[in-house]
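*Asks:* Each chain is listed here by its residues.
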Amino acid sequence: MAELSGKYLVGVYDDDDTVLHAVPKLRKAGVKIKEVYSPFPIHGLDEALGHPRTRIGIAAFMFGVTGCCCVLTLMIWTMGFDWPMIIGGKDPISIPNYIPITFEGTVLFTAFGMVITFFISNGLGPGTHFHPRFDVRATDNKFVMAIEMSRNSMSEEEIARALKDSGAEEVNIKQF
Amino acid sequence: MHVTSPVREPLIQGGKTYADVTEDICRHVEATPTKEWKIAFGLSLIVLAYGSVCLAWTWWEGLGVWGLNKTVGWAWDITNFVWWVGIGHAGTLISAILLLFRQKWRTSINRAAEAMTIFAVICAASFILMHMGRPWMAYWALPLPNAFGSLWVNFNSPLVWDVFAISTYFSVSLVFWYIGLIPDLATIRDRATSKVSKFMYGTFAMGWDGSAKTWARYEYISLILAGLSTPLVLSVHTIVSMDFATSVIPGWHTTIFPPYFVAGAIFSGFAMVQNLMLITRVVYKLEDYITLEHIETMNKVITLTGSVVGVAYITEFFIAWYGGVEYEYYAFFNRMTGPYWWAYWAMMTCNVISPQLFWSRKLRRNITFTFFISVVVNIGMWFERFVIIVTSLHRDYVPSSWSMFSPTRYDIGDYIFSFGLFFTLFLLFSKYLPVVNMAEVKAVLRSTSAQLPAKIAGVAKVRQRGTAEPVYNKDQE
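For the protein sequence lines, the chains are E and D, in the order given. Our numbering numbers the first residue of the first sequence as 1 and each following residue consecutively. Our numbering numbers the first residue of the second sequence as 1001 and each following residue consecutively.
Possibly wrong hints are sitting among the right ones.
Said to hold, decoys possible - Calculated lysine-lysine pairs in the PhoX-like style (CA-CA distance at most 20 Å, straight line):
#1 K1431/D with K1195/D
#2 K7/E with K164/E
#3 K34/E with K1213/D
#4 K1198/D with K1431/D
#5 K32/E with K1213/D
#6 K1195/D with K1285/D
Don't read these hints as lab results, they were simulated from the structure. Treat the numbers as computed from the prediction; the structure is a model and nothing was measured.
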């Protein structure tokens, strides 16, 4: 998580269904939700929050294509041009024999490229563990909704009431 | 959201809440090591130390300390390598293939199974280094420009494919496992009381906060990693089998090898998972998470893959006769009736007959019996590799070269080394990391837990009040 600043209202829910139902309701009421933090993935929550669909798959595909090209180039160049050798009476460049390593290289590049992209895009990495969080119970059994006050035109009381109405069991104020 | 029919038994028993899951799984991580753990760890360190001495001598003196001779040039080293790699297939199968098939029962066992995979592949890799004899030259297997002119590794050779397959498999499995660990490490970080554990778990949790955006990406990359790992896991043992199948040794040169090896790998891997989980669930009191249902399901997989292996043995034998190649026929006939007949029949009994006993529901759900059969299966799978490697080699084309193989204490000691390494690593894992994936278990808890009727009633109440649109069945998980 990136560094936080400003004043936040934090709604704490104790059920994944409640929070999932609360999101569209609050958004309809005009509350701008920053993010919801949960101990496990809740399907449909990112759509409900209006997050755009992740494009990490495109990145993964690009890494895969890169890996495939790199490994194939390495093999064709070494076996066919740099030191051509006839092995088993076959052409120095015999593509069928290169399929296994091409596949492994593609997988390797895709997996590592995608995971590194995942870390960077989420701001995850070593040395970030001291960043403040809204509620530590979000990794245990609570579902935490953060609302940034500076980005909302509604008053604090109104938002707090809306949060309570949507099923939040606690509403806390967090100042960074 | 997916609603499971109440006819099925819940995956997680004991009516657990989300907080209970955290509490139950974190308990052993946060507690000081128990006496039993210390004894087990001490024992595995002693085993590792003995193995290390044998290994050091193997490397110091050379491969002459093994029982190899000029006819049998591969024996326990490659047997052990294939055996460990095979065991290392279950974890990725459980985490990747079962994820794609939406088998939710995998959530209770995938963490430990993946850890087992990683440790088994480390053990397998140690035999690669051992059988090179000069492990400090292991980097010669990599495509590096070298000092002898620009002669490269032979990319046409399955042994070089193996280098790429095993290293890719190891690193991708490690990444997959670690990605799954991050949310759980964050849970432990947020509960940690001591400074050291706060720092350690905090560092490895990478600042995870569980935001909806992160979870969406997490699920997306898990799916892609599963999609990548599925063909990967199949390719690894396929390539291992090609180490044999592309040679012209009778008994190795068969096209059935890749599927037969893959089935055998899953077979032995599940048996090893079974062994480890049966102990872990009792030691860490996880009977509600790893239930009889899980054990039974794994036994069904063992029976299925055991049957595939059995069919492969019989097909191979049939083709050896039907194919009309006398060398091939002799190789198989010699396996059955030659001097290594006992190894062949041990393999047949352990791998073909014993898993068929699981057709009985009573035996399938019997924990002691399951443990026993799992051990038997792993013994059988070790013999399978021994039979394939040694009995195919020991009768050369020229009868004057015929010989037998008998292991020396260093063959045995190096095998013991791998056990010491495996159990040391697994014990460290099971103490310092959560053995069950908390986040994933919490995610399957609501649609499968014993509390489900109450949950559904709760949703119905919300609907009556008209406060929210229920989103059930809107997006199938």
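*Asks:* For which of the previously enumerated hints does the structure constitute a violation, in increasing order of number?
*Replies:* Number 6 - this is the single hint that the structure violates.
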